[in-house]
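*Asks:* If you're matching them up, the sequences are chains D and B in order.
Heads up: the first sequence runs through residues 1 to 479, numbered per my numbering.
Heads up: the second sequence runs through residues 1001 to 1254, numbered per my numbering.
Rather than coming from a laboratory, the hints here were simulated on the basis of the structure.
Since this is a predicted model, take the numbers as computed values, not measurements.
Note that the Cβ used here is the ideal one computed from N, Cα and C, for glycine as well.
Just so you know, not all the hints are guaranteed correct.
[Unchecked claim] For lysine-lysine, the following BS3-like pairs were computed, each having C-alpha atoms within a straight-line distance of at most 27 angstroms: (1) D:K205 to B:K1040; (2) D:K284 to D:K342; (3) D:K241 to B:K1217.
[As the list claims (entries may be wrong)] Sample of chain B residues with no beta-carbon within 10 angstroms of chain D, all distances over it, derived: (4) P1011; (5) G1034; (6) R1074; (7) K1076; (8) Q1103; (9) Y1104; (10) H1108; (11) I1113; (12) E1126; (13) K1201.
[Stated by the list, open to error] Partner residues aside, some chain B positions facing chain D, computed with beta carbon under 7 angstroms: (14) N1015; (15) G1021; (16) Q1062; (17) I1068; (18) A1239.
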Amino acid sequence: MITKFLATAAARLTRLFLRIMGRGATTLPGRVALKICPSIISRCAKGKKIITITGTNGKTTTSHMIASMLRALGYEVVNNVSGANLPTGIATTFLCEKPSRGADPNKTVYVLETDEAAFARIAKDLQPKVCLVTNLFRDQLDRYGELTHTRDLIAKGIFETSAKMVLNADDSLVASMGKKHEDRATYFGIDLQTMLDSNRLHPNKSILEASMDASFCPDCNERYEYSARSFGHLGDYRCPKCGFKTPAKRFELSFDASGNPSAEGFEFNMTDNDNSKSVTMNLKIAGSHNLYNTCAAVSAVTKFLELDGESGEEDIFERACGAQRSVEAAFGRMEKIAVGNKYICILLVKNPVGLDRSLSFVAQSDDADSLMLMLNSNFADGKDVSWIWDVDFESKADELPQNIYVSGQRYGDMMLRVAYSGRTVDGYGSLEYATTLLKGALADCPEGKCIYILPNYTAMLDLRGRLVKELKLKDFWKN
Amino acid sequence: MEKLVIGHFYPDLLNLYGDRGNVLALMRRAQLRGIEVEVKRISIGDELKSGDIDIGFIGGGQDSEQNIMADDMRIKKGPVIKQMIEDGVVFLTVCGGYQMLGQYYEEHDGKRIECLGAMPHYTKGEKERFINDTVYEIEIGGKKVTVAGFENHSGRTYLGEGEEPFMKVIKGHGNNGEDGLEGVRYKNTFGTYSHGSLLPKNPAITDMLLELALKRKYGADYELSELATETEDLARKQALDYINGNTNGITNDL
Chain D
1 MITKFLATAA
11 ARLTRLFLRI
21 MGRGATTLPG
31 RVALKICPSI
41 ISRCAKGKKI
51 ITITGTNGKT
61 TTSHMIASML
71 RALGYEVVNN
81 VSGANLPTGI
91 ATTFLCEKPS
101 RGADPNKTVY
111 VLETDEAAFA
121 RIAKDLQPKV
131 CLVTNLFRDQ
141 LDRYGELTHT
151 RDLIAKGIFE
161 TSAKMVLNAD
171 DSLVASMGKK
181 HEDRATYFGI
191 DLQTMLDSNR
201 LHPNKSILEA
211 SMDASFCPDC
221 NERYEYSARS
231 FGHLGDYRCP
241 KCGFKTPAKR
251 FELSFDASGN
261 PSAEGFEFNM
271 TDNDNSKSVT
281 MNLKIAGSHN
291 LYNTCAAVSA
301 VTKFLELDGE
311 SGEEDIFERA
321 CGAQRSVEAA
331 FGRMEKIAVG
341 NKYICILLVK
351 NPVGLDRSLS
361 FVAQSDDADS
371 LMLMLNSNFA
381 DGKDVSWIWD
391 VDFESKADEL
401 PQNIYVSGQR
411 YGDMMLRVAY
421 SGRTVDGYGS
431 LEYATTLLKG
441 ALADCPEGKC
451 IYILPNYTAM
461 LDLRGRLVKE
471 LKLKDFWKN
Chain B
1001 MEKLVIGHFY
1011 PDLLNLYGDR
1021 GNVLALMRRA
1031 QLRGIEVEVK
1041 RISIGDELKS
1051 GDIDIGFIGG
1061 GQDSEQNIMA
1071 DDMRIKKGPV
1081 IKQMIEDGVV
1091 FLTVCGGYQM
1101 LGQYYEEHDG
1111 KRIECLGAMP
1121 HYTKGEKERF
1131 INDTVYEIEI
1141 GGKKVTVAGF
1151 ENHSGRTYLG
1161 EGEEPFMKVI
1171 KGHGNNGEDG
1181 LEGVRYKNTF
1191 GTYSHGSLLP
1201 KNPAITDMLL
1211 ELALKRKYGA
1221 DYELSELATE
1231 TEDLARKQAL
1241 DYINGNTNGI
1251 TNDL
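If we strip away everything but chain D, and leave its shape as in the complex, we get (with noise of 0.2 angstroms):
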């Protein structure tokens, strides 16, 4: 008790000394705290509501979402910072977010996002009782390894709890984590008819298959069929030889795959097959990847409900796509940023089907005036740029924004990406001149128009402070 006690106000101390100092703090208090007692996540997790999210991607927009129609719900919540999302920015999300004064502790909710490989050692401490598995991608392979090891890591944390697990359906590395634990899994998904009409109306124009993950069952060695696919490795598989296949999902997402399941506003529909339940909604944050992500929020949110308690009542499900309305745009994700009565858009970019995805939406999206790419190589961004030629450009190159800017430590790398891909890029530089090109391309660009950039994680940091210093907006990233 006396070390908690110690640990908890070395934290808090260290959170307003770096406030003081004027820095972000959301890591440091947590890694102080965990060095004087190391058992401070368990000690605080202890008999608290927890659902963690995890994945590959969308972890941070998933988080967000389940945490806003939680407050929605009348729920209080408490959240990591978006990135804080190891040992050290949960501990100090515990020890420095409080709930609000006077909130009831059996109606405040910790949503927390967790990193895959910190997963693995924190889950039995944390005891969630939700856990949500998003996606498992490749992503900087130096530092995760392999994506089934990374899947067995998961695996390893969630069954040293005893929560409910909420799994993508259409990704065979996650769903085969519900194998033989059917009566712990939940499965969600995009319905097959969909997929199947959105194949059929959009074929592959690619002239060099992108390169995928999980082609193969790691059980038997057999490569998948698949009868209809959504993205990357997401679809509707089957191995031929186990009989593995994509699991009969709950919860499903059906759209009329003739419209542009990118745009915000963009109508769905929800089915909770348990119930028969179907709910029309409207896509709150731009981007199809991102009725992935809605999809498993809602799911995420139903379950939590049931599991609290809340399981006589008929229209939790309801509930829950109804609290999906009050959903806004993440800081710095999908968020629209006036600059006189011009737009730029960040997307945060940080793996081989990210940038896929933010480059789909790009295409898609009918105000993008031009196209900025940001790519550095620090340690945190990884050192091997080699990923920009996993990602699929060709297939897109006609449809991306007349105007390609390029930028970032590894600008060189990036503008014969986009040469290759038959494109040439209107202006380059080093991350020095990212804001003397985004002031050219702002000045060309038509009023109401957006310039959208896509920068990888260092690059996206600095480009954040060179806005606010040199071009002068608002610190919108300041929580």
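The hints should help you fit chain B onto chain D, whose structure is shown.
*Replies:* Okay, now just chain B, sitting in the frame of chain D:
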């Protein structure tokens, strides 16, 4: 019109670290010269006959994925690949693909994995991985060319009799961190640890491979037509500047 068939081996398994970029570079620099290009995907269960392809590309994969295809490659396709290599078919192999053409891969605990045995080199696994930017030098047509890349491997490869190094290491570790050599050349087969992807930024190598393949197909007096390399050269120069720590701001608002 000339036609070039590129065989992409196990693209659904061996596709780490931008291997796709090498195939794309070969395609693009051939197509821009008016050469028709066909890319054949050759994976598990697909038949392979000698004469099917003009250039073969074999990349690297995650361990679990290499385990899936190892038998198919060694047993089913091995004899044909060996024959192709002896016959002078052009191959570019990267990382795992390079190792697999050799004799064996010995893990650091002593466990030995038999490889194709098409060439005499062999590889020993070590715990420490070489993960860094790389600079190499190669002589092509009597001209020294600086090459930019990236390496990420725990295997140490040692060349055998009759094998030439592909390049000389200027910065980085190369085959084994000891002898200053990078990759292998045997007849028209090349092996390398360089990602990056290797070919896009280094068009001299792309063109060398294309020319070897086309000469083999259309006769020794076939000459590859001139094609600009400005964009590639600019990208390579910028990468080399970055690798060498010369990161002064450069811009060109075209």
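*Asks:* Taking the hints in turn, state whether each one holds.
*Replies:* These are the hints, each one checked on the structure:
no.	hint	result
1	D:K205 to B:K1040	holds, 17 angstroms
2	D:K284 to D:K342	holds, 21 angstroms
3	D:K241 to B:K1217	violated, 41 angstroms
4	P1011	violated, 7 angstroms
5	G1034	holds, 16 angstroms
6	R1074	holds, 15 angstroms
7	K1076	holds, 14 angstroms
8	Q1103	holds, 24 angstroms
9	Y1104	holds, 22 angstroms
10	H1108	holds, 16 angstroms
11	I1113	holds, 16 angstroms
12	E1126	holds, 16 angstroms
13	K1201	violated, 6 angstroms
14	N1015	holds, 4 angstroms
15	G1021	holds, 3 angstroms
16	Q1062	holds, 4 angstroms
17	I1068	holds, 5 angstroms
18	A1239	holds, 5 angstroms
Violation of the numbered hints given earlier is confined to hints 3, 4 and 13; the remaining hints are satisfied by the structure.
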